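**Q** Spelled out from the first residue to the last, the chains are:
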Amino acid sequence: MGLLSRKATCNSHGQDSPYFLGWQEYEKNPYDEAKNPKGIIQMGLAENQLSFDLLESWMAKNPDAAGFKRDGQSIFRELALFQDYHGLPAFKKALVDFMAEIRGNKVTFDPNHMVLTAGATAANETLMFCLAEEGDALLLPTPYYPGFDRDLKWRPGVEIVPIQCTSFNRFQITASALEEAYQQAQKKNLRVKGVLVTNPSNPLGTTMTRGELDLLINFITAKEIHLISDEIYSGTVFSSPAFVSIMEVLKDRNLENTEVWDRVHIVYSLSKDLGLPGFRVGAIYSNDPIVVAAATKMSSFGLVSSQTQYLLSAMLSDKKFTKEYISKNHKRLQKRQSKLVSGLEKAGISCLESNAGLFCWVDMRHLLSSNTFEAEMELWKRIVYDVKLNISPGFSCHCTEPGWFRVCFANMSEDTQKLAMQRLKSFVDSMTINSQSHQELKNARRKSRTKWVFRLSFQSFHDREQDER
Amino acid sequence: MFSLLCTGVCNLLIANLLLVEFLHMGTHDLHPHVVDHRQELKHILLFGFCYEDVVYSLPLFSHSSILYPVLVHTQQLPYRKGLTNSARKIDMAIENEQPAVGLSKVAVSETHGEDSPYFAGWKAYDENPYDESSNQSGVIQMGLAENQVSFDLLEKYLEEHSEASSWGIGAPGFRENALFQDYHGLKSFRQAMANFMEQIRGGRAKFDPDRIVLTAGATAANELLTFILADPGDALLVPTPYYPGLDRDLRWRTGVKIVPIHCDSSNNFQVTPEALEAAYECAESMNLKVRGVLITNPSNPLGATIQRSVLEEILDFVTRKNIHLVSDEIYSGSTFSSSEFISIAEILEAHDYKNSERVHIVYSLSKDLGLPGFRVGTIYSYNDKVVTTARRMSSFTLISSQTQHLLACMLSNKEFTENYIKTNRESLRKRYEMIIKGLKNAGIECLKGNAGLFCWMNLSPLLEESTREGELALWKVILNEVRLNISPGSSCHCSEPGWFRVCFANMSEQTLEVALERIHKLMEQRKSKET
Chain A
1 MGLLSRKATC NSHGQDSPYF LGWQEYEKNP YDEAKNPKGI IQMGLAENQL
51 SFDLLESWMA KNPDAAGFKR DGQSIFRELA LFQDYHGLPA FKKALVDFMA
101 EIRGNKVTFD PNHMVLTAGA TAANETLMFC LAEEGDALLL PTPYYPGFDR
151 DLKWRPGVEI VPIQCTSFNR FQITASALEE AYQQAQKKNL RVKGVLVTNP
201 SNPLGTTMTR GELDLLINFI TAKEIHLISD EIYSGTVFSS PAFVSIMEVL
251 KDRNLENTEV WDRVHIVYSL SKDLGLPGFR VGAIYSNDPI VVAAATKMSS
301 FGLVSSQTQY LLSAMLSDKK FTKEYISKNH KRLQKRQSKL VSGLEKAGIS
351 CLESNAGLFC WVDMRHLLSS NTFEAEMELW KRIVYDVKLN ISPGFSCHCT
401 EPGWFRVCFA NMSEDTQKLA MQRLKSFVDS MTINSQSHQE LKNARRKSRT
451 KWVFRLSFQS FHDREQDER
Chain F
1 MFSLLCTGVC NLLIANLLLV EFLHMGTHDL HPHVVDHRQE LKHILLFGFC
51 YEDVVYSLPL FSHSSILYPV LVHTQQLPYR KGLTNSARKI DMAIENEQPA
101 VGLSKVAVSE THGEDSPYFA GWKAYDENPY DESSNQSGVI QMGLAENQVS
151 FDLLEKYLEE HSEASSWGIG APGFRENALF QDYHGLKSFR QAMANFMEQI
201 RGGRAKFDPD RIVLTAGATA ANELLTFILA DPGDALLVPT PYYPGLDRDL
251 RWRTGVKIVP IHCDSSNNFQ VTPEALEAAY ECAESMNLKV RGVLITNPSN
301 PLGATIQRSV LEEILDFVTR KNIHLVSDEI YSGSTFSSSE FISIAEILEA
351 HDYKNSERVH IVYSLSKDLG LPGFRVGTIY SYNDKVVTTA RRMSSFTLIS
401 SQTQHLLACM LSNKEFTENY IKTNRESLRK RYEMIIKGLK NAGIECLKGN
451 AGLFCWMNLS PLLEESTREG ELALWKVILN EVRLNISPGS SCHCSEPGWF
501 RVCFANMSEQ TLEVALERIH KLMEQRKSKE T
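In order, the protein sequence lines correspond to chains A and F. Counting in full-length UniProt numbering, the first sequence runs from 1 upward without gaps. Counting in full-length UniProt numbering, the second sequence runs from 1 upward without gaps.
Everything labelled a hint here was simulated from the structure, so no lab data went into it. Predicted model only: the values in this text are computed from it and were never measured. Note that CB positions come from ideal geometry on N, CA and C, so glycine has one too. Treat the hints with caution; some may be incorrect.
Stated by the list, open to error - 27 Å max Cα-Cα, derived DSSO-like pairs, lysine-lysine:
#1 Lys476/F x Lys206/F
#2 Lys321/F x Lys289/F
#3 Lys206/F x Lys35/A
#4 Lys93/A x Lys123/F
#5 Lys476/F x Lys297/A
#6 Lys61/A x Lys418/A
#7 Lys339/A x Lys223/A
#8 Lys69/A x Lys476/F
#9 Lys187/F x Lys28/A
#10 Lys7/A x Lys289/F
#11 Lys35/A x Lys418/A
#12 Lys335/A x Lys69/A
#13 Lys321/F x Lys28/A
#14 Lys476/F x Lys529/F
#15 Lys105/F x Lys297/A
#16 Lys106/A x Lys328/A
#17 Lys7/A x Lys321/F
#18 Lys297/A x Lys156/F
What the hints assert, rightly or not - Every beta carbon over 10 Å from chain F, so not counted as near; a handful from chain A, in silico:
#19 Lys28
#20 Pro30
#21 His86
#22 Asn112
#23 Ser317
#24 Lys320
#25 Ser327
#26 Lys328
#27 Leu368
#28 Lys425
Could you put together the complete structure from these sequences and hints?
**A** Take a look at the structure:
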């Protein structure tokens, strides 16, 4: 039998990592309020389930949009035949307007500079194919979304070199961290093609400061490299500071139509803000017409269904709706996040102060038996098997400090979240009570576990055998 | 196309740079038709020039001062763009321009194939499209393989089954559907697809829904399979003539090469064991590792199904060489009679699925159902590892769950699918007969076809010269004077000039009549010129 390619047989898809256990356990024993109240609660899934009612009510009032009709007339044929990789003009217009609205209309976007792709997963991969050769490197601040290991490395063959960020300054990017990462790449003989940041950050749930954005612009200008700003969570900024897009900073610094302007690219998607990951709607926005042209042609390999483009063009063109949606969505996210934060506080757990995203970056360092990733793994296993909560360990996000976990809050009901917090509190309380005997046990356990743990391949983690963020 | 118009010492420099680059190329990077004379060009070159991608050199101290014209095809030299950039830098230094910050070679290469003259036809159509009422002298689009003959059946279904496409307040279906991004795909949809594929094959083959991997179109499916089955620099063998999009789908981002299996009209363009061997040997001579054969059955652009004996031969060939076989069966539901299409799946079933892990089928709803905009493609593989890997890779090209839901409803409806398949076949057959008759009346022969949305027309008697240039000249006449956009065989890599693919299912009957009248007129004009 003929062999498969190297890409097929390597592990860059990242799905053989040991963290898959958490997902497997959840699938085996999923929590259900009525049918399985003792099951595992899914808190590792960054989905936005808080605002579906708004979408549903819009669709009930506007049945034409999903019914292939425009002004009562059927446009089914037109849509069924429409496979132009330039995308449905009405949809791109609606999408750029939506993006501008999210940014407080401080920036505007040109639909001709937008490329539609089947999700942000496809957008990021496509940008790699456009901007880098196999073996080139991209710098990414840690901690970062585990899916990037697959999206950037697997088929494009790009290497990721981490920009180490720490809790010392709330995980913000510093000039020295950037430079350090660049030097690391040089040492490994890797050609750095750019920096990729997620803003707002996954898993931190924070927006980047203007200072950080300035730093980035200075850095990519000096090194003459690209900057990709994945702004997939831009519509989830629920409290201050307000979201500042990289485009805004470029504009404020009068860098429009300069060389660096052409090297900044934005990735967007409706999977988080609108809670529609199934519809596969992603976009690349670039100021460089050559990148736009190349990415447009590449989008042939992952176009957005015209049926979906039409539905969403109708929805997002309804400015009354988008205004209401954005505002209500923010309020609900803010409420839910603060409930999670206070629930955690009651359990004596703090988290990074956050103003965006669908998750909190939770500090459980004080619960570790030692300041190591082995201990983090140990703790994580206990939380999955004993506390029955599936949360994402910081190691899977390439965090350099052990003890941090990403906990999602927007993918479950309020009651479920309450229950999760109760379970966590009980767990922490029991830990405190047993801390003495725990200390004795810990030493014994560590000896036998260390050997086994070191043999684990610390590969890229994937939350589940899908592409959730 | 890269060309240097030379004036001055600066450009001699460029020519020499190119020559030096050329001299250091690996043999396999040369165009297959180039004979490697490079050993004789060992000496310092002071004289030389470059015209339209051809490097001419007059070596000073060579043992022969023969001019060595060398055809250097742009696409065979992926790194040539780097040289182009440096060449450009010399020019730009003179013009004081800054070179663009590096994009990848893939981004700037031309392997997407869209600069070919073939696309000029599209441009002409876009600028002057025929319209039954408002632009009766416009260009009629006959280069688009779309199926527009069965929309009424789809529209009727949608009218009667609104649950397939709508959600109301509180409808639990919407949330679940909107959240569903599992790369396994909707089980109900995969089940419906498997059933549909079985029905198309008259129940002569079975499909397991768990072997179905969903992708956003067959375009994605073919590229994905190539990533899985071959490494950059490897080769896939593809029978000519073939769908021009394969040049992009199989080669562009994957870095894989296509080596043609030459077929000709002497036996109705069928693949022969000799042609397979010749292609394999050609690849070997270029130091290319062959990973598989990719066939399109029914064939695009031939519009004909592959015979059982030929399929057996191809299967035998790939088994002996221990390579893969990809069968793109995107037109399987567009055969004019149900019994004439034989899927590779049937052959495998007859062999008890022995050795089937090397076979993979690509399918899509873009042609049979006329839904190219919905991006519905599938890979069906008999190889577990390929299924698992393809599924994971499909993350980059998932089908919208909204669309999966719609089509799961539609294709689960046995009454609908049975009626659709039968009626669609019948309508296509009628169209085919109409165009064949019309062409025959005009004195034009076509390859005997039995499937697809197009016919393979033989205009070789009309060529001024039996060459690619002659064919393109005729194509231009048909485009600009007759105002029909049809696809020249050369764009499909046909080795015999004079063949054209003409689509018949993407227009109304009236428009087809108009097109046939125009063709008739052209032939009359030619006849009268001769007498």
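**Q** If a hint holds in the structure, say so; if it doesn't, say that too.
**A** Here is what the structure says about each hint:
1. Lys476/F x Lys206/F: Answer violated: Lys476/F to Lys206/F is near 46 Å, above 27 Å.
2. Lys321/F x Lys289/F: Since the Cα atoms of Lys321/F and Lys289/F sit roughly 11 Å apart, the hinted pair holds (cutoff 27 Å).
3. Lys206/F x Lys35/A: violated (37 Å)
4. Lys93/A x Lys123/F: holds (24 Å)
5. Lys476/F x Lys297/A: The given pair, whose Cα atoms are some 26 Å apart, holds under the 27 Å limit.
6. Lys61/A x Lys418/A: violated (34 Å)
7. Lys339/A x Lys223/A: violated (43 Å)
8. Lys69/A x Lys476/F: violated (39 Å)
9. Lys187/F x Lys28/A: Between Lys187/F and Lys28/A the Cα gap is close to 19 Å, so the pair holds against 27 Å.
10. Lys7/A x Lys289/F: holds (16 Å)
11. Lys35/A x Lys418/A: holds (18 Å)
12. Lys335/A x Lys69/A: Roughly 37 Å separates the two Cα atoms, so the pair is violated.
13. Lys321/F x Lys28/A: violated (44 Å)
14. Lys476/F x Lys529/F: holds (19 Å)
15. Lys105/F x Lys297/A: holds (14 Å)
16. Lys106/A x Lys328/A: Holds, at about 21 Å.
17. Lys7/A x Lys321/F: Status holds; Cα separation ~22 Å.
18. Lys297/A x Lys156/F: violated (34 Å)
19. Lys28: With a cut-off of 10 Å, Lys28/A remains clear of chain F, as the shortest Cβ separation is near 16 Å.
20. Pro30: The claim holds: Pro30/A sits with its nearest Cβ about 14 Å from chain F, beyond 10 Å.
21. His86: Label holds. Min Cβ-Cβ 12 Å, cutoff 10 Å.
22. Asn112: holds (17 Å)
23. Ser317: The claim stands: Ser317/A keeps its Cβ more than 10 Å from every Cβ of chain F (closest is about 18 Å).
24. Lys320: holds (18 Å)
25. Ser327: holds (20 Å)
26. Lys328: holds (16 Å)
27. Leu368: holds (33 Å)
28. Lys425: The claim stands: Lys425/A keeps its Cβ more than 10 Å from every Cβ of chain F (closest is about 29 Å).
Hints 1, 3, 6, 7, 8, 12, 13 and 18, counting from the list given before, are not met by this structure.
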